[in-house]
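The residues making up each chain are set out below.
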Amino acid sequence: MAVSGMARHGQVLSCSVTGLAVVLVTLAVATLVGVAVRRRDGVPREVGGDVELLTSDDLDASLGERATLVQFSSAFCQPCRATRRILSEVTEMVPGVAHVEIDAESRLDLVRSLNIMRTPTVLILDASGRVVKRASGQPRKADVIGALGLAVDG
Amino acid sequence: MHVDPRALRFSAAVTTVVLAAVLVTGSAWLLGAQAAVFALGLFGASPYGMIFKGIVKSPPAELEEASPSRFAQGVGLFCALLGLVGYVTQITPLALGATAAALFAAFLNAAFGFCLGCEMFLIIRRLLPAAS
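Protein sequence lines correspond, in order, to chains A and B.
Throughout the first sequence, residue numbering follows the working numbering, covering 1 to 154 in sequence.
Throughout the second sequence, residue numbering follows the working numbering, covering 1 to 132 in sequence.
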């Protein structure tokens, strides 16, 4: 009896030790991911690889005279509303810039070809529709304006 | 439908503690209770949110759309049910893996305000070729 009780106790203990290890590893990895996401979120980055060109037909909307901000949104996206507000403010401030919002779910063709994994994702296009920069997550206004400088000049 | 974002963060924090307790104790009952909380959250009736409302009376600075967090509760429910199957059938990797996935998402939400469950929506839609 005592032996089986002890064995059982040992089993329960090893189970809780494994569980505790899983908890600690999960929280450590989640912390690293959280810090990385916070650092990268919404920062416009150079687009590597092939040059991507979007036409007004692709977007179902006309391109801006100088640059276009293309925002991919979805129904279950918390930061999409704030992103919409920020980009609208930018288009009001900077003449010749258009803001086009696309529902990712209804344009999975574009989502796949542009390899969009998150909403919001913002693409910054120059006057010819070339994707100059992209930001995933809610961007800061100053960063968008900075990236636009590149799209307008470059 | 709108919700207080502070209530969502509070709920995520309580969920984090409960899921960590599930992993340490190996209690399928506790995970079952958390699954029920996820299910209620899916319908916008999270008990943790109600506790927050009972404690904090001040109005929030800003309200948020309810639909993203509800969707995320659905993702949480899916993980919790998988974990429950793992604990009941004693398939330990499934039990620990699925519960840890839910803990991972709940902690990211509580500590960083990042909704991993919400991000799953587009990933899932991309993986469903038939529906596109």
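Worth flagging that the hints you see were computed from the coordinates, not collected in a lab.
A few of these clues could be false.
Unchecked claim - Facing chain A, according to a computed beta carbon distance under 7 Å, are these residues of chain B, among others:
(1) V24
(2) A28
(3) G44
(4) S67
(5) P68
(6) F71
(7) G74
(8) F78
(9) F104
(10) L108
(11) C115
(12) E119
The C-beta atom is built at its ideal place from N, Cα and C for all residues, glycine as well.
Quick rundown of the hints versus the structure:
1. With a cut of 7 Å, the hint placing V24 of chain B at the interface with chain A holds, because the nearest CB-to-CB distance is about 5 Å.
2. Restraint check, A28 of chain B versus chain A: the minimum CB separation of about 12 Å is more than 7 Å; hint violated.
3. With a cut of 7 Å, the hint placing G44 of chain B at the interface with chain A is violated, because the nearest CB-to-CB distance is about 14 Å.
4. Checking S67 of chain B against chain A: minimum C-beta separation of about 6 Å stays under 7 Å; hint holds.
5. Because the smallest distance between the Cβ of P68 of chain B and any Cβ of chain A comes to about 4 Å, under 7 Å, the interface hint for this residue holds.
6. Annotation: interface hint on F71 of chain B holds; nearest CB of chain A at approximately 4 Å, less than 7 Å.
7. With 7 Å as the threshold, the beta carbon of G74 of chain B stays out of range of chain A, its nearest partner Cβ sitting at about 9 Å, so the hint is violated.
8. Taking 7 Å as the C-beta contact cut-off toward chain A, the hint placing F78 of chain B at the interface is violated, the least distance being around 14 Å.
9. Below 7 Å, beta-carbon pairs count as interface contacts, and F104 of chain B has one with chain A at about 5 Å; its hint therefore holds.
10. Proximity of L108 of chain B to chain A holds as hinted, the smallest CB-CB distance being about 5 Å (cut-off 7 Å).
11. About 6 Å separates the beta-carbon of C115 of chain B from the nearest beta-carbon of chain A, less than 7 Å, and the hint is met.
12. The closest approach between the C-beta of E119 of chain B and any C-beta of chain A is roughly 6 Å, which is under the 7 Å cut-off, so the hint is satisfied.
Hints 2, 3, 7, 8 from the list above are not met by this structure, while the remaining hints are.
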